[in-house]
Amino acid sequence: MTVLAANQNSRLWIAMIWVLRISVALECLGTWDWFTRWEETPFLHWLLDPTDIGGLNWSEATALAVQQTVGWLTLLAGLITLVRPCVGVLGPVALVQLLIAVAMWRIDDGFSLESEWLTPQTTALFPLATHMARFAAPLGLLLLDPWRVERPLTGRRVALAISGLRWAAAITFFAHGIEAWQLNPEFVDYWIGASERIFGTRMSQPTAEWLLTFTGGADILVAIACVSTRWRAVWWWMAFWGAVTALSRIVSFGLDIGWSATLIRAPHVGVPLAVVLYWHLVGWIRAESTAEPAIAPDKDEESED
Amino acid sequence: MRLSPLLNLVLSLITLTCWSAGLSSTVWADAELEGTNPAQWRLIWHDDPATSATLSWNTAEAGKVHRVQLRAEGAEEATIVDATRNDRYSAQSPQLYYHHARLTDLTPATKYHVEIESDGRSSPLMVFVTAPVEDVPISILFGADSRSGLKERREMNAMLAQLVAESYQPDKVPILALAHGGDFIVRGSRLDQWSQWMSDHELTVGANGRLLPIIPARGNHDKGKLFNQVFDFPAKDKNYYAVDLGPQVRLVTLNTETSIAGKQLDWLKAELAASRPKYRWLFAQYHRPAFPAVKNPQTNLIYWVPQFEEYDVDLVCEGDGHVIKRTPPIRDNRIDPTGVVYVGEGGLGVKQRTPKEGRWYLQQPQAKLGRGHHVQVLTFDREKLNYRVVLMGGKVFDHHELSVRLPNDAD
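Protein sequences, first through last, are from chains V and H.
First residue of the first sequence: 0, per numbering that gives the first Met the number 0; consecutive thereafter.
First residue of the second sequence: 0, per numbering that gives the first Met the number 0; consecutive thereafter.
Calculated directly from the structure, the hints in this document are not laboratory data.
For clarity, every value in this text was computed on a predicted model and none was experimentally measured.
Hints may be right or wrong, so weigh each one.
Unchecked claim - FRET-style restraints, in silico, Cβ to Cβ: (1) 209/V with 207/H: 40 to 46 Å; (2) 235/H with 256/V: 27 to 33 Å; (3) 229/V with 269/H: 50 to 56 Å; (4) 227/V with 92/H: 57 to 63 Å; (5) 331/H with 209/V: 33 to 39 Å; (6) 269/H with 256/V: 25 to 31 Å.
Yeah, the Cβ is synthetic: ideal placement off N, Cα and C, and Gly gets one too.
Using the sequences provided together with the hints, build the complete structure.
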């Protein structure tokens, strides 16, 4: 039995698993609200739009019925995730999130910037990058906490999951950083709205743009750091900043409109939080193994470091 | 490409049939994009259409001399106006060059004859009319969402030309321009789509060569640099501006695709504060709706709507939903006779949706909802704002009147 396997009952491991379970469940809850109450989603528009412009040209009634069904099934999957995460549940959840990104790519609904240096083909693909954490969270959970799969998990499986989550978070932050750095007008208005609601004073657009340039640059640096270093502070920052940016939807739009947009982004918090908990676990194992030389991390765990 | 004699004959017969059927504007459409042959012309209004306009066109090759022959009705001699902004569109393909001739010092309410010339190759002779400075009744078209449904888009454009032609009959109120509420095309970075739109826009030119000026608003599908190149905005322009359609009618065009709460809001507050006391009719257009009939509200509900209410804007035109919408007057998020009416939602070709009738501001009979390709015709006179929705085919779907809000010194 490997050291990591021996620690799959530790509090850190369990906390990591529950962070991912709750993130996926909240993501599903937000998606359900978006799909069934608000209805207007890139997914729906993809189903509706004519084929010559990237859509599937379904009738409105059919498209809405399909989306409603998908929304309710996603909610059900989110609830099941809390108790029995398995392929039959997490696979479709990841697929729905992937399809939302694909829809945005197909109908060109994901990048509102006038970039001087990004080609239209690149910007059209941006939603696949910005949504990466959202479909990586259920897939990572599937590898780390599969129901009815014999325990303990192999180190290779864990390494694959953590690598996937690590890169997904990095790509998500990098893409959002590019958008912020390029002054996405929606983000500018988030800053202005937040300053108005929280501090009661309206921030000027140049100030908001300066902050956005700064935070966008920070996102890019953090994205690079999280795949090139093992600083846990980077991951704590990502989790914190993921929460701030997700909550900015509520601050900007109000609770009624903003809560589902915030919950859909739960993996922006959950994925980095899960990874940092894993690093803490590995650190703890290492400390223990130093104290007791007879127990040492196996090859797979070391490679993950 | 050379056409066979038989195909030529068939095309000629189709053209003749269209002419006799009253769709003669098709004669002007699809000018050949070859060499420096002028094509894809459009007349754009940016600020003071009584005295200025931009006449724009495209060529397949760069060319050297691009100019417009301009002659006021009744004048003997034409003046030459050089295109001062000539360049290749920034998209890699297709290879296409834009030319913008800025016509200034025009005489208000005057018919001008224009002929575009690029390296000796000429367009057909066309005409346009400048906006009046006298307080006379005027009409304007509002439409949005021409991004898909290309066949329907062309049919709608032909209908617009007919509406304009009819409006210049005696005892009618002339339609001055088309306010386009955005989503011209699907992908704003695709020049091939813009090129198709510009060719289709030629169909708005009437049988007598009458150009329909356009006042463009940017939609969420119109992102990218090409929008400013097509419509002669400065490269970094954010596309919010106001146009006088007469001494008592002002149209404010806003941009939902840039910061809503920042500099644009400051500008809007200043614009409405300055304009409201001066103009009998003050109305706005933009793309994504604050009171949507299909989609979800945008932050303009939070930032712009209070301004519209504070300054008693008469009418707000919105696009994006792909339905027909007229709300009851709204103030403080409830129906109020003193409030602002929101209309539009876009039907210049795009596939139509079903409005969500359950929303509080869409309850019948105070609201009017429907679906179908359409255009709004707004007619302003000294007492009333007359609002009509005309469906493809000419049937009037909705008719509504608004009274003047404030006593005006000009009266």
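These are the hints, each one checked on the structure:
For the pair residue 209/V and residue 207/H, the supplied restraint of 40 to 46 Å is violated, since their beta-carbon distance comes to about 54 Å. The given range of 27 to 33 Å is respected by residue 235/H and residue 256/V, whose C-beta atoms sit roughly 31 Å from each other. The hinted range of 50 to 56 Å is satisfied by residue 229/V and residue 269/H, whose Cβ atoms lie roughly 53 Å apart. Between residue 227/V and residue 92/H the beta carbons are some 38 Å apart, a value that contradicts the proposed interval 57 to 63 Å.
Distance hint check for residue 331/H and residue 209/V: the Cβ-Cβ separation is about 35 Å, which falls inside the suggested range of 33 to 39 Å. Taking 25 to 31 Å as the suggested C-beta distance range, the pair residue 269/H and residue 256/V conforms, at roughly 29 Å.
Violated hints, listed in ascending order, are 1 and 4; each of the other numbered hints is respected by the structure.
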